[in-house]
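Number of protein chains: 2
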Amino acid sequence: MGEASKGAATRDAVLDAAVEVAGRIGLSALTIGMLATETGMSKSGLFAHFGSKENLQLQTLARARDEFVDMVVRPALRAPRGEARVRALFEHWLVAGDQDGAPCLFASAPVEYDDQSGMVRDQVIQDHTDFADVVQQVFRTALSTGEFRADADETQFYQDLHGIMLAYFHARRLMRDPQAEARTRRAFERLLADVRANGVV
Amino acid sequence: MGEASKGAATRDAVLDAAVEVAGRIGLSALTIGMLATETGMSKSGLFAHFGSKENLQLQTLARARDEFVDMVVRPALRAPRGEARVRALFEHWLVAGDQDGAPCLFASAPVEYDDQSGMVRDQVIQDHTDFADVVQQVFRTALSTGEFRADADETQFYQDLHGIMLAYFHARRLMRDPQAEARTRRAFERLLADVRANGVV
Chain A
199 MGEASKGAAT
209 RDAVLDAAVE
219 VAGRIGLSAL
229 TIGMLATETG
239 MSKSGLFAHF
249 GSKENLQLQT
259 LARARDEFVD
269 MVVRPALRAP
279 RGEARVRALF
289 EHWLVAGDQD
299 GAPCLFASAP
309 VEYDDQSGMV
319 RDQVIQDHTD
329 FADVVQQVFR
339 TALSTGEFRA
349 DADETQFYQD
359 LHGIMLAYFH
369 ARRLMRDPQA
379 EARTRRAFER
389 LLADVRANGV
399 V
Chain B
199 MGEASKGAAT
209 RDAVLDAAVE
219 VAGRIGLSAL
229 TIGMLATETG
239 MSKSGLFAHF
249 GSKENLQLQT
259 LARARDEFVD
269 MVVRPALRAP
279 RGEARVRALF
289 EHWLVAGDQD
299 GAPCLFASAP
309 VEYDDQSGMV
319 RDQVIQDHTD
329 FADVVQQVFR
339 TALSTGEFRA
349 DADETQFYQD
359 LHGIMLAYFH
369 ARRLMRDPQA
379 EARTRRAFER
389 LLADVRANGV
399 V
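Protein sequence lines correspond, in order, to chains A and B.
To get our numbering, take the position in the first sequence, counting from 1, and add 198.
To get our numbering, take the position in the second sequence, counting from 1, and add 198.
The hints are simulated quantities; they were obtained by calculation from the structure and are not laboratory data.
The structure presented is a predicted model; accordingly, all values stated were derived computationally and were not measured.
Yeah, the Cβ is synthetic: ideal placement off N, Cα and C, and Gly gets one too.
Some hints could be false.
Stated by the list, open to error - Partner residues are not named here, just some residues of chain B that face chain A (Cβ under 8 Å, in silico):
hint	residue
1	224
2	308
3	311
4	312
5	317
6	320
7	322
8	361
Claimed, not checked - Using C-beta positions, here's what the derived DEER-type ranges look like:
hint	chain 1	residue 1	chain 2	residue 2	range
9	A	298	B	350	45 to 55 Å
10	B	316	A	296	19 to 29 Å
11	B	238	A	236	28 to 38 Å
To be verified - Okay, the calculated bits of chain A under chain B, using three or more residues with CB under 8 Å as the criterion:
hint	segment
12	243–251
13	287–296
14	332–341
15	352–358
16	366–375
17	381–388
Just chain A, same shape as in the assembly (with noise of 0.2 Å):
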């Protein structure tokens, strides 16, 4: 292995490792310091890498979006258009909400940054605008194969579906619910017959 990708296996790992820091104790909280004492690596390596807090931040936001990419929004977009695509979006996600790391992070930072500013916030905003955009395109392959009513609200679809799987967060990781997931099913179903075209549910 040579020096460069010997440095980026580094940097991997230390991404790594910041991406499950983060999701345990807040990415607001993630400093070069703290990454040291959980890595043991040295805190001057880690600057060297890194810079500064909120570059430190910014890589391991992306680490947390790349991720949740990876696992929710490319499997889904393998699925045929149209509402076979729209469960399995649902079905990657409600997967990946079940999971510590980075999609818990990147479900967590915009309660974190809500009341925050800087470029990290913007970020956060950034990442879930293009994930909503995803989840309307997503949205829209059901409209054209007749599937979805022609005048169902693709932004109210996201929204509803963001609620449903926020409210599935809560009751299955906090609460520790076993019905959490047989409800969140119920409420997709609902969501789903309120949007088709025949109406049936």
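Please build the complex by placing chain B on the supplied structure of chain A, with the hints as guidance.
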């Protein structure tokens, strides 16, 4: 003002400041040292008040919960039993969701503590179990008036309504989406239509 009531007034002012700081930086980042910096009070004085970081966090959480209950639960319970009370709960929750401080802390603590353990997490779970009970109790008043279907599921209703509110907080507080409230009201009306005895929207 006697020494005892002066002490209580100071404690009140300190807890108000603690709620504000924790709402901004996260409850788990709230320490006696940070609160001293933010309030200009002496660290030793605050230590004499609270004794430990964990106790400071627990008392701050208790203050946030009490304020949330005052803003959302108490006024809802003054509305007539039945759908009117469910609507009052929703309206006050919606107003609370738009504010900094206590309501924001009440809503963000679950996300912050879903991956942590300890007494603060246990209290967050207790508080949200209690609030879920209130929502379900309010829901049942509309069963007893006959406005909601006898077979409507109160825990499903709670999880669905909770999701509607969480999606609203995201769209409103992070994304600053001007249409967030209108969409939230549409989702709430659809939820009510789904549980109503006569099925009328």
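- Message: Tell me if the interface restraint on residue 311 of chain B is satisfied: Cβ within less than 8 Å of some Cβ in chain A.
- Response: This interface hint holds because 7 Å falls under the 8 Å limit.
- Check whether three or more residues of the segment 352–358 of chain A sit with their beta carbon closer than 8 Å to a beta carbon of chain B. With 4 residues close enough to chain B, the hint holds.
- Query: Counting residues of the segment 243–251 of chain A whose CB is closer than 8 Å to a CB in chain B, do you get three or more?
  - Reply: violated (count 0)
- Task: Classify the hint on residue 320 of chain B as holds or violated, based on whether any CB of chain A lies nearer than 8 Å to its CB.
- Result: Where the cut-off is 8 Å and the nearest Cβ of chain A is about 11 Å from residue 320 of chain B, the hint is violated.
- Taking the closest Cβ pair, is residue 361 of chain B under 8 Å from chain A? Holds. Min distance 3 Å.
- Task: Under 8 Å, Cβ to Cβ, is where residue 317 of chain B needs to be relative to chain A, so tell me if that hint holds or is violated.
- Result: 15 Å, violated
- Item | chain B over the segment 332–341 of chain A, status - at least 3 residues with CB closer than 8 Å | violated (count 0)
- Verdict on chain B covering the segment 381–388 of chain A, criterion of 3 CB contacts below 8 Å: Coverage by chain B holds for the segment 381–388 of chain A (5 residues, Cβ < 8 Å).
- Query: That 45 to 55 Å hint for residue 298 of chain A and residue 350 of chain B (C-beta), does it hold up?
  - Reply: 35 Å, violated
- Query: Checking C-beta pairs, does the segment 287–296 of chain A have three or more residues closer than 8 Å to chain B?
  - Reply: Not satisfied, violated; 0 residues make the cut.
- Message: Closer than 8 Å Cβ to Cβ for three or more residues is the test here. Does the segment 366–375 of chain A pass it with chain B?
- Response: Held - the segment 366–375 of chain A has 7 residues with a Cβ nearer than 8 Å to chain B, which meets the minimum of three.
- Closest C-beta approach of residue 322 of chain B to chain A relative to 8 Å, hint status: 7 Å, holds
Of the numbered hints given earlier, the model fails hints 5, 6, 9, 12, 13, 14; all others are met.
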